[in-house]
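Asker: Now for the letters of each chain:
Protein chains: 2
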Amino acid sequence: MIKVAILGYGIVGSGVAEVLRENAKNITENAGQDIVVEKILDVRDFEDSPDAKLITKDPDEIFENRDIRIIVETIGGAGIAYEFTKRALASGKSVVTSNKELVATHGPELLQLAKDHKVSYMFEASVGGGIPIIRPIQQCLAANRITGILGILNGTTNYILTKMRLEGKDFSDALKEAQLNGYAEANPTADIEGHDSCRKIAILSSLSYGEMVDYRKISTVGITKISLIDMKYAERLGRIIKLLAMSRKYEEGVYARVSPVMLPVKHSLANVEDVFNGIIVRGNAVGDAMFYGKGAGKLPTASAVVADIIDIVKHHEITKMMVWKLPVTNNVLDIRDFESFWFVRLEVSDKQAALEYVEKTIGNVSVVTLKGYEQELAFTTSMANEGFLLQAIHGFEGKKGIRQLISLIRLY
Amino acid sequence: MIKVAILGYGIVGSGVAEVLRENAKNITENAGQDIVVEKILDVRDFEDSPDAKLITKDPDEIFENRDIRIIVETIGGAGIAYEFTKRALASGKSVVTSNKELVATHGPELLQLAKDHKVSYMFEASVGGGIPIIRPIQQCLAANRITGILGILNGTTNYILTKMRLEGKDFSDALKEAQLNGYAEANPTADIEGHDSCRKIAILSSLSYGEMVDYRKISTVGITKISLIDMKYAERLGRIIKLLAMSRKYEEGVYARVSPVMLPVKHSLANVEDVFNGIIVRGNAVGDAMFYGKGAGKLPTASAVVADIIDIVKHHEITKMMVWKLPVTNNVLDIRDFESFWFVRLEVSDKQAALEYVEKTIGNVSVVTLKGYEQELAFTTSMANEGFLLQAIHGFEGKKGIRQLISLIRLY
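Chains A and B supply the protein sequences, listed in that same order. Under the numbering used here, residues 1 to 412 are what the first sequence spells out, in order. Under the numbering used here, residues 1 to 412 are what the second sequence spells out, in order.
Chain A on its own, in the form it takes in the complex:
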């Protein structure tokens, strides 16, 4: 029998206890022995919970109990969770987590600490909720050189964008609905500003390319400026707006970004709707492999945590060898050095003069017209150097017949 402790009895933490209880029979069969929750650490009381008698407020009861071999960290953040994780690993306990912030921030140090103490630090649940993605990249695609990742990694923003597009709700109404349905937190900043997607693409990239990709260096734009009119223009272009996270490995470093993108409707990720996530991994032998499913939620995420626990129980003699090298210098490339193309909307006083100025500055564009919005100038650019394009587009304001920039959205 293997004893585990859970740190943090929130949504995921209580889900882990529930999955271990409800699926005990299957889990015991798969792991080869029983897995039992011995203690749960939380500062709150949960008198009505089925796990009430396991809850303690004293961390020592967990860290000094040598029978507890595996710690589930579902506290979140990089504060106390970081301290507890270091303490657990240093005392020879394996740690399993869903905490993407901690993994993205201190992954290399914690993986090394685990290795030094011959235990494991695992985080399948940190990306894609219950969708298997970390282990497939690490094991199933181990014979591949992974060259790129492209994905919808945040369910909250995908839900909001889906509601906007299909039900004509504007951003703030769609956000409120997401909050009412428990898909967005009271403070939704990390989701809607793209920070959550950014941490996840950093984790997947670090894992895929074998060296830490610092999430703080990844260009990140959220969805707060996306309007219903932008969505109508996208439809006119045969496209759908999605918040995409992506990275590509080059000899010189890693290209990575998070941004809203107008994606052709035929693209595999265009059909990923609601709170679902979709992740495409490109390997030099396998080609594109796509993983799809609910990217969040109590039981899906908890089931990913428990899969990691089972893995540790089955392979307890072996340290997981995954270690990300720390790059010697910054390995995240400046995306402005690459080519891209864009959808642009300008408020204009003289459409003809504005168009002439635009084409003189950035070359030929394709004008897009939308019924009811004939007075503005909307167009898609040709492919060109991103730094040049963005600087030129931001410089349009106040020039020949141009009042201001309304929208600027990346094309794919």
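Because the hints were derived from the structure by calculation, they are not lab data. Owing to the predicted nature of the structure, the values given are computational and were not obtained by experimental measurement. Be a bit skeptical, because a hint or two may be false.
If several chains are the same, the list does not tell them apart, and a pair holds so long as it fits within one copy or across any two.
[Claimed, not checked] In the BS3-like style, the derived pairs of lysine-lysine whose C-alpha atoms are separated by at most 27 Å in a straight line are: (1) K325 with K25; (2) K325 with K118; (3) K400 with K225; (4) K3 with K371; (5) K169 with K266; (6) K232 with K266; (7) K115 with K351; (8) K25 with K115; (9) K351 with K400; (10) K325 with K399; (11) K3 with K57; (12) K86 with K314; (13) K86 with K176; (14) K266 with K25.
Place chain B on chain A using the hints.
Answerer: Here is chain B on its own, set in the frame of chain A:
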């Protein structure tokens, strides 16, 4: 350094040698040591191959070489491959294969033999080519009770159906094109009659439900009777015809089948085109997780074989514990005992009399009309007991204004 031998230098076998050579740097990093091909067994000569000097015609050179720790079996079939696999496992060598026929037929015996000799028998490449699916089911979803699997598991038939639908080619022309492009074999029976899909759903089901599901008991229908006119009717119904393999786990046993199905265009699998495979696995905690990618091809399949090799190298102290129980009695349920609904086309002499007879016999139906085919009677049935429905429909021929049955396709 780990030495491996490859049995059978065909498409997959030579791909394994190529992947081990081309991606050597990544593979060594992931596995923790070099993996080198020591010998290749084949009865043919390959003088121009980069692996020519490794090829032998004498199996003893491989089986009696104690330095060779892992055998890659890419011979195919359940004849000599079966003998070689038993010999390898019994002599303490792990075996990795892409041979679905052998796994579906002798899986439990070979897994047990591997366990007895403390080695591994692994077959990620037997289903879904390079798409990670065996390991995700076995490890990532280990905390779930898996309740169902639904998938497009055969790339050849999916390619043929895609060509028919999008390019208006009839079945035999689309098949010829698939053969020209190397997507179908000279003898395409195993693919087009559904046998290949059947073996794969048997393997996935055995793995997911923990007990052997005998492929010989799975109801299997291929795509040879699907016509372009059926596809036009499907389009009229907002559906697409796909060859689907599926299974569901019930208390009493396993429901499993392979058949052409008219799938709503909105279904996740409806967009899986060409030689791609898509597999949806339903777990009681994770919900639906979908895996998608190229289901066949030299390098994708080879990369899955090599992933298994790396796994064995990393975990060589541990026998993979996966064992399928042999069911005490037949565990495959009779699909005629379940409910289903169907699309039916009848050649008729008196449409009104025919329709009256049909509705008198099987209850209300929804008539479907297609321009140019007004003289025939086409309809979809209500949901009803499959045994009753099929018997009734096959009994229509020669009755009141009905000449014969033209098409009978399952709805989903």
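Asker: Could you check the structure against the hints above and give me the numbers of any it violates, in ascending order?
Answerer: Hints 4, 7, 10, 13 and 14 not satisfied by this model.
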